[in-house]
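Asks: Sequence:
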Amino acid sequence: MIETERLLLRPWRDEDREPFWAMAQDSDVMRYLPAVSREECDAAIDRMMTIQSAHGYCFWALDHKSDSRFLGFCGLLPPSPPLSEIEIGWRLTSDVWGRGYAREAAEAVLAWAWRSLDVQSIAAITVPANERSWGLMLRLGMEYVEGSDFDHPALAEGDPLRRHLLYRISRPR
Numbered sequence: 015m016i017e018t019e020r021l022l023l024r025p026w027r028d029e030d031r032e033p034f035w036a037m038a039q040d041s042d043v044m045r046y047l048p049a050v051s052r053e054e055c056d057a058a059i060d061r062m063m064t065i066q067s068a069h070g071y072c073f074w075a076l077d078h079k080s081d082s083r084f085l086g087f088c089g090l091l092p093p094s095p096p097l098s099e100i101e102i103g104w105r106l107t108s109d110v111w112g113r114g115y116a117r118e119a120a121e122a123v124l125a126w127a128w129r130s131l132d133v134q135s136i137a138a139i140t141v142p143a144n145e146r147s148w149g150l151m152l153r154l155g156m157e158y159v160e161g162s163d164f165d166h167p168a169l170a171e172g173d174p175l176r177r178h179l180l181y182r183i184s185r186p187r
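Numbering (this note's numbering) for the sequence shown: 15 to 187.
Mixed in with the good hints there might be a few duds.
[Stated by the list, open to error] 25 Å max Cα-Cα, derived SDA-like pairs, lysine to any residue:
(1) 79 x 121
(2) 79 x 106
(3) 79 x 174
(4) 79 x 114
(5) 79 x 55
(6) 79 x 28
(7) 79 x 22
(8) 79 x 146
(9) 79 x 60
(10) 79 x 126
(11) 79 x 63
(12) 79 x 15
(13) 79 x 58
(14) 79 x 31
(15) 79 x 112
(16) 79 x 134
(17) 79 x 95
(18) 79 x 111
(19) 79 x 124
(20) 79 x 40
(21) 79 x 16
(22) 79 x 113
(23) 79 x 33
(24) 79 x 154
(25) 79 x 142
(26) 79 x 24
(27) 79 x 20
(28) 79 x 108
(29) 79 x 107
(30) 79 x 18
(31) 79 x 51
(32) 79 x 50
(33) 79 x 135
(34) 79 x 171
Since the hints were derived computationally from the structure, they do not count as laboratory data.
Start from the sequences and build out the full structure, keeping to the hints where you can.
Replies: The following block contains the structure:
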């Protein structure tokens, strides 16, 4: 587990399935993500549990420390196509946007990664229209990788969310 002043990042539990599904029903949260079924939400949690078990990290569930309320997730994924490096990612319930939780969680995740993993850089991806996401990437010290835009292979040709931007941060010296 990773603790910050206000947050707790932790492995997923079965009781996270309902709030994660509720978050997937929020049109603001899902604006730049493909729609998912209940089965796909459950499968995503199962996948995070498997990744955590195999690697010691995943996109961890994110709780508010004061009341243990599920706020979303933030964490790391091992390299997998289309990325050749570890990915940092986050998604929070829309009612807590603008409070600095995503940045607080992402900074803690990056600090954990630099202490715990032998990697020289970490990547993040988003769609060009998701200014909140790439804005946070910039505030974290990530840099846009010029000429690295790509079409996400999991999305169909013509899907308006297919095009992705790549941001990267290097290990601090």
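Asks: For every hint, state whether the structure bears it out.
Replies: Status of the hints after comparison with the structure:
no.	hint	verdict
1	79 x 121	holds, 17 Å
2	79 x 106	holds, 15 Å
3	79 x 174	violated, 37 Å
4	79 x 114	holds, 14 Å
5	79 x 55	holds, 24 Å
6	79 x 28	holds, 19 Å
7	79 x 22	holds, 6 Å
8	79 x 146	holds, 24 Å
9	79 x 60	holds, 24 Å
10	79 x 126	holds, 18 Å
11	79 x 63	holds, 21 Å
12	79 x 15	holds, 12 Å
13	79 x 58	holds, 24 Å
14	79 x 31	holds, 19 Å
15	79 x 112	holds, 18 Å
16	79 x 134	violated, 31 Å
17	79 x 95	violated, 34 Å
18	79 x 111	holds, 17 Å
19	79 x 124	holds, 19 Å
20	79 x 40	holds, 23 Å
21	79 x 16	holds, 11 Å
22	79 x 113	holds, 14 Å
23	79 x 33	holds, 16 Å
24	79 x 154	holds, 22 Å
25	79 x 142	violated, 32 Å
26	79 x 24	holds, 11 Å
27	79 x 20	holds, 5 Å
28	79 x 108	holds, 18 Å
29	79 x 107	holds, 15 Å
30	79 x 18	holds, 9 Å
31	79 x 51	violated, 29 Å
32	79 x 50	violated, 28 Å
33	79 x 135	violated, 29 Å
34	79 x 171	violated, 42 Å
Checked against the numbered hints given earlier, this structure breaks hints 3, 16, 17, 25, 31, 32, 33 and 34; the rest are met.
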